[in-house]
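*Asks:* Chains as they are written, first to last, in this note's numbering: chain A, 1 to 222; chain B, 1001 to 1227; chain C, 2001 to 2218.
FYI, nobody ran anything at the bench for these hints, they're computed from the structure. All residues carry an ideal CB built from backbone N, CA and C; glycine is no exception. Mixed in with the good hints there might be a few duds.
[Unchecked claim] Derived lysine-lysine pairs resembling BS3-like cross-links, with alpha carbons at most 25 Å apart:
| hint | chain 1 | residue 1 | chain 2 | residue 2 |
| --- | --- | --- | --- | --- |
| 1 | A | K75 | C | K2002 |
| 2 | A | K23 | A | K39 |
| 3 | C | K2198 | C | K2099 |
| 4 | A | K75 | A | K115 |
| 5 | A | K197 | A | K115 |
| 6 | A | K39 | A | K75 |
| 7 | C | K2099 | A | K39 |
| 8 | C | K2149 | A | K23 |
| 9 | C | K2198 | C | K2149 |
| 10 | B | K1069 | B | K1116 |
| 11 | C | K2149 | A | K75 |
| 12 | B | K1205 | B | K1181 |
[To be verified] Rough simulated footprint, nothing fancy, chain A against chain B, three-plus residues with beta-carbon under 8 Å:
| hint | segment |
| --- | --- |
| 13 | 1091-1102 |
| 14 | 1221-1227 |
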Amino acid sequence: MQYEVLCQPSFSLLEVSLEPGEKIVAEAGAMAWMEGPVKTETSTRGGVLSGLKRAVLSGESFFQNTYSAEGGPAKLGLAPGSAGDIVSYELQAGELFLERGAYLASTEGVRCDSKWEGLKGLFNEGLFILRTTGQGLLFFNGYGGIQEIQVDGQYTVDNGYAVAWEPSLQYRLTRARKIRSFLFADQLLLGFSGTGKIWVQSRSPVSLANWVYRFRPQKSSD
Amino acid sequence: MNVEILERGAFSSAVVHLEPGDEFTSEAGAMYRASSNVDIDVTTRSFGKGGVLGGLKRMLAKESFFLSKYRVTDANPGEVALAPVHVGSVRRIDVAPETAWICTGGSYLGSGPGLKIDTEFQGLKGLFTGESISFVRVSGSGPLLVSAFGRIVEHDVEGELIVDTGHVVAFTEGLNYSITKVGASWIQSWLAGEGIVLRFSGQGKILVQSHNPSQFGGLLGPQLPER
Amino acid sequence: MKHEINGNPDQGDLTVRLEPGELILSEAGAMSRMSADLDVSARLIGGLVPAVVRKLLGGESVFLSEYRATRPGFVALSPRCPGTITAREMTGDSFYLTKGSFLACTPGVELSTRFGGLKSLLSGEGAFLIECRGTGQLFFNAYGAIVEKDVRGSFTVDTGHVVAWEPTLDYEIRGMGGIKQTLFSGEGLVMAFQGTGKLYLQTRHLGGLIRWLTPFCR
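The task is simple: from the sequences and hints, build the whole structure.
*Replies:* What follows is the structure, given as structure tokens:
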């Protein structure tokens, strides 16, 4: 399978060329354009149809589509939802952890499992982690520029900025150490220890979500 | 202490290198990575009210203003990387004692210990009843970090310049400013999509951002879940 | 008139310098800064659909801003979303833009709104397209980067990613293959283009941003 990441680094897009019979799996909604005979299959992750709406709205769900070229070559353009860059990673019977929103696409041999990691407290702070395993190509994206950092020892990242990390690293969610105002709960940190690679983005969806709060429609109280 | 700007296309960020004894302040939550020997001390400040406000950023109707202070806890150097919320640039302004700067709350990213951040600044209050844009006055000596939605353009004002309020990042105190309408009447101004614009005159510098975050928020917000 | 586009491909904005008597039309609200002595007024965009109906259905401002210089002056214009701005010389031909992509044009370029097609009323992308016809300069913007495709045959695009196209291309709006597919495949509607011509696409769209950000909004 041939691929090209276009328009780097800020508004990158993945273009994939499929030979007849080749397939690519992508996050639902990532399909931007296609050329040639493409067949689309939607897979819903477990769950009965009735439970889906709730799952989608709460962000618990994780949907993937499988695209295949039928009877001729095809090209597919896949775009992340956020501004930022795309990274390709080769999984060789290994594992990679991703912040769930960072998943863009993968070849068929890659399996994805989503789980919630959070801290108990006043607010539901945490993140959905996607555990990707198997053999194949994985494409992930970030909000902002993506930097690869080789950790050897300790490394702290604010929760919203971690994109992906290797399983050789231990991770732990903590709060910022000295907090004068007990109501200030924004600074949730991910502490990494060990040896391995971590990918960090230079913008945070959590910060953007907090910023956009005041522009959201208010629930009408009747 | 050393402040470095990392340029990454539309995603600038700043890295502050700290020596033991150094201190740096930033908009709370702007830190995105740090060496493990950096301590984060959070204070809260709000616009128009003295002291601690309490409550979360997102629960306030107006733009809120919370600060974090950073220090190294041991005898080794450390670093703190700061990121803005939006796609855009980061610029460093070297503030000198003779000239204070007025900065929009949303554009303030960080500042050195020699700078005083005045959130009770009354100068623009009277002009903006109902608007959710806040301004801070930055005075003293040291580096001021501002961020923008989009790119930052610097204008040396000599005469007059009209700037849409949502595009103001920072300007030197001493510039005269007033609210003005664009076009023959207020209705024309509103129909043309320009609500409040500022007319700057005199001598000074103004930094503007190419894109308007409130306009973007107005586009994005209504399509997100109810709060 | 002189124009300058700075900040491409990520955060383009357009600066236009006008001589006395010259004017430029822009999307309402696009002005970021300008010289103090430009005359600004609002202009209605023309079209076959009454303005009131357009506003109700499209939900978007139907007014343009007109900037006219009595003395040499400038106006800087920016789109609502960051990305690439493209200038196109219009030579009496026509060109189609999706509604959010129009930024500015000189007075010789006439703009009219057209229905995008009945199905597009449901897509949330907006029912209206802008047809540009005439002679002069046209400036349009993309959210993100612009990718130009030379279509020869057929090409299918998620409606959110379409910026502009040449009139030699025909299109049809459809779902991705059945209701279930449309609702759960995550894709909205697509425009299936046919023919030979240039198609301008953007690498981001607001719907995608909303989809990505929603799980973080508590």
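*Asks:* Given the hint that K2099(C) pairs with K39(A), does the C-alpha gap stay at or below 25 Å?
*Replies:* Since the Cα atoms of K2099(C) and K39(A) sit roughly 30 Å apart, the hinted pair is violated (cutoff 25 Å).
*Asks:* Taking 25 Å as the top limit, are the C-alpha atoms of K197(A) and K115(A) close enough?
*Replies:* OK: K197(A) and K115(A) at ~21 Å, within 25 Å.
*Asks:* Given the hint that K2149(C) pairs with K75(A), does the C-alpha gap stay at or below 25 Å?
*Replies:* holds (12 Å)
*Asks:* Is the straight-line distance between the alpha-carbon of K39(A) and that of K75(A) 25 Å or less?
*Replies:* holds (12 Å)
*Asks:* Between K2198(C) and K2149(C), is the straight-line Cα distance small enough, at 25 Å or below?
*Replies:* holds (6 Å)
*Asks:* Do the alpha carbons of K1069(B) and K1116(B) lie within 25 Å of each other, as the hint requires?
*Replies:* holds (13 Å)
*Asks:* Can the restraint linking K2149(C) and K23(A) be considered satisfied, given a maximum Cα separation of 25 Å?
*Replies:* holds (23 Å)
*Asks:* For K2198(C) and K2099(C), compute the direct alpha-carbon distance and say whether it is at most 25 Å.
*Replies:* This hinted pair holds, its Cα atoms lying about 18 Å apart.
*Asks:* Run the distance test for K75(A) versus K115(A): straight-line Cα separation, threshold 25 Å.
*Replies:* violated (32 Å)
*Asks:* Below or equal to 25 Å on CA atoms is what counts here, so check K1205(B) against K1181(B).
*Replies:* holds (22 Å)
*Asks:* Is it true that the CA of K23(A) sits at most 25 Å from the CA of K39(A)?
*Replies:* OK: K23(A) and K39(A) at ~9 Å, within 25 Å.
*Asks:* With a cut-off of 8 Å between beta carbons, are at least three residues of the segment 1091-1102 of chain B near chain A?
*Replies:* violated (count 0)
Consistency note: the structure conflicts with the earlier hints numbered 1, 4, 7, 13.
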